[in-house]
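Visitor: Here are the chains, one letter per residue:
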Amino acid sequence: MASLYERLGGANAVNAAVDIFYRKVLADDRVNGFFDDVDMDRQIAKQKGFLTMAFGGPNSYTGKSMRDGHKHLVARGLNDAHVDAIIEILGSTLSELGVAAADIAEVAAIAESVRKDVLNR
Amino acid sequence: MAVRISIGDTSFLSQDGESLLDCLSRNGVSVPHSCRSGVCQSCLMQVTAGPAPEAAQIGLKPTLQQQKFVLACQCKSDQDISVAFPGAAGGDLPAVIAGKDRLNHNVLRLYLKPDGDFSCEPGQYLTLINRDGVARSYSVANDPARDGHIELHIRLLKDGLMSGFIEKAGIGEPVTIRGPAGSCFYVRGDGAYPIVLAGTGTGLAPLYGVARQALAHGHTGEIRLLHGALREADLYLVAELQDLALRHPNFHYIPCVLKGEAERFYRAGNIEEITMSILPGDKSRTHLFLCGAPEFVTALKRKAFLGGVASKHIFSDAFLPTKSAPVAA
Ligand SMILES: Cc1cc2nc3c(=O)[nH]c(=O)nc-3n(C[C@H](O)[C@H](O)[C@H](O)COP(=O)(O)OP(=O)(O)OC[C@H]3O[C@@H](n4cnc5c(N)ncnc54)[C@H](O)[C@@H]3O)c2cc1C
Ligand code: FES
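As given, the protein sequences belong to chains A and B, one line each in that order. Going letter by letter, the first sequence gives residues 0 to 120 in numbering that gives the first Met the number 0. Going letter by letter, the second sequence gives residues 0 to 328 in numbering that gives the first Met the number 0.
The shape of chain A in the complex, shown without the other chains (with noise of 0.2 Å):
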C-alpha cells in the first residue's frame, strides 16, 4: 500500500497546502502572537518542512533540532494549547483539501509525536 505522503500527493500536497494552512495561523488570535515578527518568506519555508514532516515525508528534523528550534517560543509561553490549535488547523485545512477523515487522523498522530520536543519536555 501507498504511504500515507504517497496518498496525500507528496510535494504537491505541501504545496497546495502550505498558503491554506499559514493564512489560518496567521488568522487565528490563539497564535499568531508567535508570527508576528518573523519574515514571512522563512516562515513559508519552515512550515513546509514541518508540514512534510507531518505529512509522512522525508525530514530532517530530530528531536535536537525540534527543541532548539521552538525553545524561544516556550521562553514565550508556548504550551499545550497552542500544540492543540496547531494541530487543529492542520486537521481543517487538510479537510478543506478533500483529504480522508484517516489520512487527517495519521498526520495528527505524526504532530502529535512531537509536542514533548517542541515544549522542551
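Heads up, some of the hints might be wrong.
Here are a few chain A residues that sit away from chain B, every Cβ distance over 12 Å (derived from the structure) [stated by the list, open to error]:
| id | residue |
| --- | --- |
| 1 | Y4 |
| 2 | R29 |
| 3 | G32 |
| 4 | G62 |
| 5 | A80 |
| 6 | A99 |
With beta-carbon atoms standing in for the labels, derived distance ranges [stated by the list, open to error]:
| id | chain 1 | residue 1 | chain 2 | residue 2 | range |
| --- | --- | --- | --- | --- | --- |
| 7 | B | P320 | A | A99 | 44 to 52 Å |
| 8 | A | A108 | B | D158 | 28 to 36 Å |
| 9 | A | K63 | B | A88 | 51 to 59 Å |
| 10 | B | P279 | A | S112 | 39 to 47 Å |
| 11 | A | S112 | B | L257 | 49 to 57 Å |
| 12 | A | S64 | B | L156 | 35 to 43 Å |
| 13 | A | R75 | B | G268 | 19 to 27 Å |
Below, computed lysine-lysine pairings styled on BS3-like, alpha-carbon distance capped at 30 Å [unchecked claim]:
| id | chain 1 | residue 1 | chain 2 | residue 2 |
| --- | --- | --- | --- | --- |
| 14 | A | K23 | B | K282 |
| 15 | B | K282 | A | K47 |
| 16 | B | K157 | A | K45 |
| 17 | B | K311 | A | K45 |
| 18 | A | K63 | B | K282 |
| 19 | B | K322 | A | K70 |
| 20 | B | K75 | A | K63 |
| 21 | A | K45 | B | K322 |
| 22 | B | K311 | A | K47 |
| 23 | B | K60 | B | K258 |
| 24 | B | K60 | A | K45 |
| 25 | B | K75 | A | K115 |
| 26 | B | K302 | A | K45 |
| 27 | B | K67 | A | K47 |
| 28 | B | K258 | A | K45 |
| 29 | A | K115 | A | K70 |
| 30 | A | K47 | B | K75 |
| 31 | B | K311 | A | K23 |
| 32 | A | K70 | B | K302 |
| 33 | B | K322 | A | K23 |
| 34 | A | K70 | B | K311 |
Because the hints were derived from the structure by calculation, they are not lab data. For every residue, glycine included, the Cβ atom is placed at its ideal position computed from N, Cα and C.
Mind docking chain B with the ligands on chain A? Use the hints.
Guide: Just chain B with the ligands, lined up with the frame of chain A:
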C-alpha cells in the same frame, strides 16, 4: 566553544555565538557590510579551508555556494575555518560612474559602466562598493546587457556614507560592483497573468525595471504600478510613466501621495490601502512585487497574502538600512 578563524597569515579566536563579520571587525579587519541580516550580500567572503555553514549560504547563487562563499554576517562556524575576501571569483567587477542626473529633490539617477560583462534581470540588486570600502545594495532599473550601462536610483540621505559619496563623485570615478542577487524580476510564463507592482521612494527603481521588462516581452496581462510618496514632490519619473501608460493600454500608473490633495493626477492616501483596494479579482494568479521601506514591504506582504495572493507569487525587496555593530559586552 571558541573556534579559530584564519585570514591571510593571521588568525583570531571567535567568541561564543559571534558571527564571522563581528569577529573580524572586533579584531580590526574591515569587512564591507551593510544590513547584517543576510540580505544585501555586501559581506560576501569565501571559506578557503573548513566547511561553509549552510545557514551562511542562504540566498547565494548555486555557483557561489559550490565555491564555499558565505555571508559573513550570518556565518557562525563550529569548526576552525580559513576565509578570504571574494575578489574576482566572487563576481567583483570594476566599473566607473558614467553619468548622473537628478530625478527629484532627493533622488539621483546614476549610470554605471561596467568594465566587463555584467548581466542581470531588471529588478535584481547589486552591491556597490566605493574606494573607501563602503558597500551598499542598489536595485537595477534597466536591462544592463541590452543597454550597455546600469541604471540605479539613489536616495540622498543626510550624512549618508554612500549616497553622499555618489552625490559628490565625478564622472569617471571608479567603483566596484558585485552581484546580482534577489528574485524581484519578471518571469515570462504565459505572459497573461496580472501584475501588481507597489513601491515607496526609490523602491520604484526595481519596479520600473520589471515593468519595462514585462512590456518588452509583450506581457498581455494587466500591469499596475503604484508608487508611494509622502508628498507630491517625492514622486519621480512621472512623465515617463504616464507616457508608458499612454503607449501600453495594459499598463497603469497609479501614483499615491500620503499627504496629497484631492483631484490631482495622483491618488491621495496610503499606498498600502490603495494597493489592497486595486488587487485584481484573480488573486491566485496575480504576481505581486513589493519594494522599498521595510515596514511597508513586510506589512503589505502579509496583508496581500491573507487577502489571497499566493506566497510563491509575492516577490519583495525590503530596502534594509545599514545596521551598526553590536555593542561589545
Ligand atoms: C536589497 C536592497 C536594495 C536596495 N535598493 C536601493 C535602491 O535601489 N535605491 C536606494 O536609494 N536605496 C536602496 N537600498 C538602500 C541602500 O542599500 C542604502 O541603505 C541607502 O542608500 C543608505 O546608504 P547610505 O550609505 O547613503 O546611508 P548610511 O550611511 O547607511 O546612513 C546614513 C544615515 O541615514 C539613516 N538612514 C538609513 N536609511 C534610512 C532610511 N531608509 N530612511 C531614513 N533614514 C535612513 C541611517 O540611520 C544613518 O543615520 C537597498 C537596500 C537593500 C537591502
Ligand atoms: S548580507 Fe551580511 S551585511 Fe548584508
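Visitor: Now tell me if each hint is right for this structure.
Guide: Hint-by-hint comparison with the structure:
1. Y4: With a cut-off of 12 Å, A/Y4 remains clear of chain B, as the shortest Cβ separation is near 21 Å.
2. R29: Non-interface label on A/R29 holds, nearest chain B Cβ at 16 Å vs cutoff 12 Å.
3. G32: Its Cβ never comes within 12 Å of chain B, the nearest being 14 Å, so this holds.
4. G62: Consistent with the label, A/G62 stays out of reach of chain B, its closest Cβ about 19 Å off (over 12 Å).
5. A80: Non-interface label stands for A/A80: nearest chain B Cβ at 23 Å, farther than 12 Å.
6. A99: holds, 25 Å
7. B/P320 with A/A99: 44 to 52 Å: The hinted range 44 to 52 Å holds for B/P320 and A/A99, with Cβ atoms some 50 Å apart.
8. A/A108 with B/D158: 28 to 36 Å: About 59 Å separates the Cβ atoms of A/A108 and B/D158, which means 28 to 36 Å is violated.
9. A/K63 with B/A88: 51 to 59 Å: The hinted range 51 to 59 Å is violated for A/K63 and B/A88, with Cβ atoms some 36 Å apart.
10. B/P279 with A/S112: 39 to 47 Å: holds, 43 Å
11. A/S112 with B/L257: 49 to 57 Å: holds, 51 Å
12. A/S64 with B/L156: 35 to 43 Å: holds, 41 Å
13. A/R75 with B/G268: 19 to 27 Å: Since the Cβ atoms of A/R75 and B/G268 sit about 36 Å apart, the hinted range of 19 to 27 Å is violated.
14. A/K23 with B/K282: Status holds; Cα separation ~17 Å.
15. B/K282 with A/K47: holds, 22 Å
16. B/K157 with A/K45: violated, 39 Å
17. B/K311 with A/K45: With Cα atoms ~14 Å apart, B/K311 and A/K45 stay inside 30 Å; holds.
18. A/K63 with B/K282: Violated. A/K63 to B/K282 sits at ~40 Å, over the 30 Å cutoff.
19. B/K322 with A/K70: Distance of about 26 Å is within 30 Å: holds.
20. B/K75 with A/K63: holds, 19 Å
21. A/K45 with B/K322: holds, 26 Å
22. B/K311 with A/K47: holds, 12 Å
23. B/K60 with B/K258: violated, 41 Å
24. B/K60 with A/K45: holds, 20 Å
25. B/K75 with A/K115: holds, 28 Å
26. B/K302 with A/K45: holds, 20 Å
27. B/K67 with A/K47: holds, 26 Å
28. B/K258 with A/K45: It is violated: about 39 Å lies between the C-alpha atoms, which goes past 30 Å.
29. A/K115 with A/K70: holds, 12 Å
30. A/K47 with B/K75: Answer holds: A/K47 to B/K75 is near 25 Å, not above 30 Å.
31. B/K311 with A/K23: holds, 17 Å
32. A/K70 with B/K302: holds, 28 Å
33. B/K322 with A/K23: At roughly 34 Å apart (the allowed maximum being 30 Å), A/K23 and B/K322 break the hint.
34. A/K70 with B/K311: Given pair A/K70, B/K311 holds - Cα atoms ~29 Å apart, limit 30 Å.
Hint check: violations occur at hints 8, 9, 13, 16, 18, 23, 28, 33; the rest are consistent with the structure.
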